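**Q** Once you've looked at the hints, dock chain B against the given chain A.
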Amino acid sequence: EPEVTQTPSHQVTQMGQEVILRCVPISNHLYFYWYRQILGQKVEFLVSFYNNEISEKSEIFDDQFSVERPDGSNFTLKIRSTKLEDSAMYFCASSEESYNEQFFGPGTRLTVL
Amino acid sequence: QKEVEQNSGPLSVPEGAIASLNCTYSDRVSQSFFWYRQYSGKSPELIMSIYSNGDKEDGRFTAQLNKASQYVSLLIRDSQPSDSATYLCASVWSSNYQLIWGAGTKLIIKP
Chain A
8 EPEVTQTPSH QVTQMGQEVI LRCVPISNHL YFYWYRQILG QKVEFLVSFY
58 NNEISEKSEI FDDQFSVERP DGSNFTLKIR STKLEDSAMY FCASSEESYN
108 EQFFGPGTRL TVL
Chain B
149 QKEVEQNSGP LSVPEGAIAS LNCTYSDRVS QSFFWYRQYS GKSPELIMSI
199 YSNGDKEDGR FTAQLNKASQ YVSLLIRDSQ PSDSATYLCA SVWSSNYQLI
249 WGAGTKLIIK P
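In order, the protein sequences belong to chains A and B.
Mind the numbering: the first sequence is residues 8 to 120 in the working numbering, read in order.
Mind the numbering: the second sequence is residues 149 to 259 in the working numbering, read in order.
Derived by calculation from the structure, the hints in this document are not laboratory data.
Be a bit skeptical, because a hint or two may be false.
Unchecked claim - Chain B stretches covered by chain A per the calculated footprint, using a threshold of three residues with CB under 8 Å from any CB of chain A:
{"hint": "1", "segment": "149–158"}
{"hint": "2", "segment": "173–183"}
{"hint": "3", "segment": "193–199"}
Quantities reported herein were computed from a predicted structural model and do not represent experimental measurements.
By construction, the Cβ of each residue, glycine as well, lies at the ideal position given by its N, Cα and C atoms.
This is chain A alone, in the form it adopts within the complex (with noise of 0.2 Å):
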């Protein structure tokens, strides 16, 4: 069964550092999207994308944040210069269509030391 894949699975850096999270979409998805996730806290949209431009984007998603799709299968999430505050779960999650079930990768664990 196709799924979302997600790498790194945990990612520790030094606050001010950039860090590139990866996820590779299900193939025949149109549709790809970041959300983080705060320990204890609920899943936040991040940003969406489609046909290679930024569909929506949070109040959360500011000028340190980039997404980008380099090639025909990957979809990564580039935080600049990385703070505190950016530790949390980042989950990539892709649909067919913009109204139908978005299905997520497993995540990428980031630690802001």
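**A** Only chain B this time, still in chain A's reference frame:
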């Protein structure tokens, strides 16, 4: 205001009983609703999707949607200890197709 409301729980149900999870949403014209299950430290896993008023059954799970009352529920029959998890309700916001999440209900199935 984009809102999906759920009781945070915990909801404690004896093994073998029916667990009933409820959710309300604020977008009157939303068409797509989902239930996800999330184990601690894991990603959300899709359990059910429902788009039309009424009931939708899949194995031990039944999703119920009432658009007039802006209410969606999930019933789990013959609850098992492995069903213990946080259940997240989500709806697609009609204006921009953003998925709006509830805070989740923690379900505990007691053997």
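**Q** Determine for every hint whether it applies to the structure shown.
**A** Hints and how they fare:
Counting residues of the segment 149–158 of chain B whose beta carbon lies closer than 8 Å to any beta carbon of chain A gives 0, which falls short of the minimum of three for the stated coverage. Coverage of the segment 173–183 of chain B by chain A holds in this model, with 3 residues showing a Cβ closer than 8 Å to a Cβ of that chain against a need of three. Coverage of the segment 193–199 of chain B by chain A holds. Counting CB-CB distances below 8 Å, 3 residues qualify, and the rule asks for three or more.
Comparing the model with each numbered hint stated earlier shows that hint 1 is the single one that does not hold.
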